[in-house]
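K.L.:
Protein sequences appear in the order of chains A and B.
Under the working numbering, the first residue of the first sequence carries the number 1, and numbering increases by one thereafter.
Under the working numbering, the first residue of the second sequence carries the number 1001, and numbering increases by one thereafter.
Heads up, a few of these hints could be off.
[Said to hold, decoys possible] Listed below are several chain A residues computed to face chain B (Cβ distance under 7 Å; list not exhaustive):
no.: 1; residue: N32
no.: 2; residue: V35
no.: 3; residue: G39
no.: 4; residue: R43
no.: 5; residue: Y46
no.: 6; residue: R50
no.: 7; residue: A126
no.: 8; residue: P127
no.: 9; residue: A158
Treat the hints as calculated values from the structure; they're not laboratory data.
Where is the CB? At the ideal position from N, CA and C, for every residue including glycine.
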Amino acid sequence: MSGGVGSTEPPRSAGTGFAGAGAGRRAVEMRNQLVGLLGIVERNVYLTKRYFLWDLAFMVWTIANTLTIVFIARAANLSPAHENTLATKLLVGATIWAFLGIIFEFMTEIVAWERWEGTIEYTFMAPLSRFAHLFGQGAFAVLYGLIRATILFFAVAAFIGLHAPRANYGAALALLALASLSFIGVGIMTSVLPLISPEKGAQLGFVAQGLMLVVSGVYYPVSVMPEWMQWIAKISPATYAIRGDRASIVDGAGLAWANVWPLLIIAVLATPVGLAVFRRGERYAKKHGKLKRSG
Amino acid sequence: MSTFVPSTTDLASRLDRETPAVEVRDLRKTFRRRDRKAGRFARKRPWPALDDVTFTIARGECVAILGQNGSGKSTLVRLLSTLLINDGGEARIFGHDAFREESTIRRLVNRVSVEASFFKKMSASENLSYAARFYGMTPRQTRTAIPEILAKVGFPPDRRGESMENLSRGMQQKVALARALLTSPVLLLLDEPTTGLDPRSKLEVQDFIRQVRAEHDATILLCTHDMTEAETLADRIGILDRGRLLFLEPVEAVKQRFGVETLEQAFFAATGREFENEGQDEDDEYREVFA
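In isolation and in its complexed conformation, chain A is listed as follows (with noise of 0.2 Å):
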């Protein structure tokens, strides 16, 4: 077994070797960080195909709960035109909520579903920047995400007879890409929270998710929220993200810049900032010794 353990041969794939230096090692370990990304995305398909009938489950119960509140248009004796906006607005808060819900659900439970396999170890002692194991558990998020969330739109408009002929679905689907950037940066945030209190931190997510849908216009417009909400509604991505995919759903429209820039600017900020959190929760975890326990 040549090249196994210890191995002091020099590599037969890197391509650079080892004078090259600089640049060349970078080129490297740039692909390796990559391939670990891909692994990411690799062991969370891997998980999904072992528990595809549990996530049905979920997925009907998901429909169910978005039919609860898109009937709410039906009982408001409203024309049937104005009905059918209605219920096409509150389905598209619906599919953004449970949309950014698996957003949340798999960024907060990283380290919880690591820690309930006792796999945590291993994937904190490996070569791979923690930019790369959240944004790979997070690109496999928004992709997950934006598969359940498809389905369930169309699943719930099949079922209540919606109509949505001018709809954009194109943009749509472009903006709520664009927001999934910010909605990541939030999520790498709150993913810190069960490092620091194994027992509680997974639920405290939740709480973070929740609170991001009241400001932002759920299932009404912002404008009927109290004023101080309304500021804070203005730093939430799914502000941008309803905002906008209400308009292409039920008016045709494209993609508004109004909504872009936003979205571009708290993705910038967003990402950062939620590395440097959860840094700072594994060093908190790593000093005092919470990296393993299980909660």
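Place chain B on chain A using the hints.
P.N.:
Here is chain B on its own, set in the frame of chain A:
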């Protein structure tokens, strides 16, 4: 094994052969924990898990650290594998600071712990591919490397696709060894790798450790409470007692030093306590939680 992890072997080949594999000087780690008997609102008390531990391991050497549960063995392994931050002293691995050059250390070190921790619903192959990706191994590389390494540890080929939860403890521990070796570490940290295994699996794992030593340029730190295992596998043996390293010498030197015939007797001579009687006082009970 025909597939390599580029950056690990790259680092390994650049390591100075004269530099010790591990240099630990005055290493300290203290956890804080509330004294149960003092009540819910009592102040947390410091519980030293490692207390000024100093030793050196030469490249290619196999060193065993013996100690009871809660003696600080796992804390030492976690400190050397970047999973804990020290409270004092220093640790260098092949000349690299274990607490400041974490990313370099992580490419040099891998570990097998007492619990063979895996995603239980995933198969052995899936768990190994997942772990290998973190070290830059692509699907093309693992496609050949995983069957090879599993064959090497004596894992039956027809069970590669089976969920980990269906495998015995011994089988799981073989996969844990394969996971550690797949990433080509130059320092292998074995934290009670045979604890809880049936006698046959225990012998198989021990044989494999011998094989790794015989065939490769690996340095091994073996933490165990099995004295026979330590005696048969290691070049030098140390005893860690309540966070203090009492000595680290070849087994014959230990016996000579205390004028005894067995390591159990040496432990008694050094500490005044029987090796088997662990967790007798409150301090031991608290130490076990973390150490």
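K.L.:
Now look at each hint and say whether the structure bears it out.
P.N.:
Now for the hints, and whether the structure bears them out:
{"no.": "1", "hint": "N32", "in the structure": "3 Å, holds"}
{"no.": "2", "hint": "V35", "in the structure": "5 Å, holds"}
{"no.": "3", "hint": "G39", "in the structure": "2 Å, holds"}
{"no.": "4", "hint": "R43", "in the structure": "5 Å, holds"}
{"no.": "5", "hint": "Y46", "in the structure": "5 Å, holds"}
{"no.": "6", "hint": "R50", "in the structure": "4 Å, holds"}
{"no.": "7", "hint": "A126", "in the structure": "4 Å, holds"}
{"no.": "8", "hint": "P127", "in the structure": "4 Å, holds"}
{"no.": "9", "hint": "A158", "in the structure": "33 Å, violated"}
Violation of the numbered hints given earlier is confined to hint 9; every other hint is satisfied by the structure.
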